[in-house]
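**Student:** Sequence:
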Amino acid sequence: MTLDDAGLDLIFRKARSYNGYTDAPVSTADLEAIWELMKCGPTAANTEPARIVWCTTPESKEKLALVASPANADKIRNAPATAIVGMDMEFYEKLPKLFPHVDARPWFVGNAAMIESSAFRNSTLQGAYLIVAARALGFDVGPMSGFDNAAVDAAFFAGTPVRSNFICTLGHGEPATVFERLPRLDFEEANSIV
1058 MTLDDAGLDL IFRKARSYNG YTDAPVSTAD LEAIWELMKC GPTAANTEPA
1108 RIVWCTTPES KEKLALVASP ANADKIRNAP ATAIVGMDME FYEKLPKLFP
1158 HVDARPWFVG NAAMIESSAF RNSTLQGAYL IVAARALGFD VGPMSGFDNA
1208 AVDAAFFAGT PVRSNFICTL GHGEPATVFE RLPRLDFEEA NSIV
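Residues in the sequence shown are numbered consecutively from 1058, following my numbering.
Because the hints were derived from the structure by calculation, they are not lab data.
Check the hints yourself; a few may be wrong.
[As the list claims (entries may be wrong)] Label-pair distances were calculated between CB atoms; the ranges are:
1. Glu1150 - Met1058: 35 to 41 angstroms
2. Ala1211 - Asp1062: 21 to 27 angstroms
3. Val1166 - Glu1089: 30 to 36 angstroms
4. Leu1094 - Val1166: 39 to 45 angstroms
5. Ala1247 - Thr1114: 37 to 43 angstroms
6. Ala1233 - Pro1082: 15 to 21 angstroms
7. Asn1103 - Glu1231: 35 to 41 angstroms
Here a beta-carbon is modelled for each residue, glycine too, at the ideal position from N, C-alpha and C.
When you get a sec, could you build the whole thing from the sequences and use the hints?
**Tutor:** Shown next as structure tokens:
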């Protein structure tokens, strides 16, 4: 089974990064539905290190906007929701639940380089799944990295082992806020078959 052209257009070909949204709300049930889809995406050893803070109130959006680049601050303020995709640097503590057939905790405990690379790689994957899940459910997104990670961590993850990876606005996109699609590399420019 494959997606039809309409599904592929929705998720990839006609999907865009939005810079502004309509006033249509995003509910807690919508955010839960996105999570229920995105959590199904694969991560190495089922680590699932992503931890998401959804900024939906004016106060939380303003707190995030204040530590974002000027170009991104208004996007955050005006979006119905913005996800802070974080990475739990102690994700391995949940492995007895998530990877129960093998004791995988020793693979990570005390190995800072392995923890760092696994948390970053797999939370990035989960953030990409968030984008695909949101689009599949009819939402538009605007992923971005223009923010102060240390300030976001202090404001939203203080006292936890979670660190920010990237942020992503979410809602029903306002078509006038999208730029023309930029060029993409051709297969031959980015791929080799050996």
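**Student:** Look at each hint and say if it fits the structure.
**Tutor:** Here is how each hint holds up against the structure:
Restraint check, glutamate 1150 to methionine 1058: a C-beta distance of roughly 37 angstroms satisfies the suggested window 35 to 41 angstroms. Between alanine 1211 and aspartate 1062 the beta carbon distance is about 45 angstroms. The supplied range of 21 to 27 angstroms is therefore violated. Between valine 1166 and glutamate 1089 the beta carbon distance is about 32 angstroms. The supplied range of 30 to 36 angstroms therefore holds. Restraint check, leucine 1094 to valine 1166: a C-beta distance of roughly 31 angstroms breaks the suggested window 39 to 45 angstroms.
With their beta carbons about 41 angstroms apart, alanine 1247 and threonine 1114 fall inside the hinted range of 37 to 43 angstroms. Checked against the hint of 15 to 21 angstroms, the C-beta distance between alanine 1233 and proline 1082 comes to roughly 20 angstroms, which is consistent with it. A hinted range of 35 to 41 angstroms for the beta carbons of asparagine 1103 and glutamate 1231 is consistent with their spacing of about 37 angstroms.
Hints 2 and 4 from the list above are not met by this structure, while the remaining hints are.
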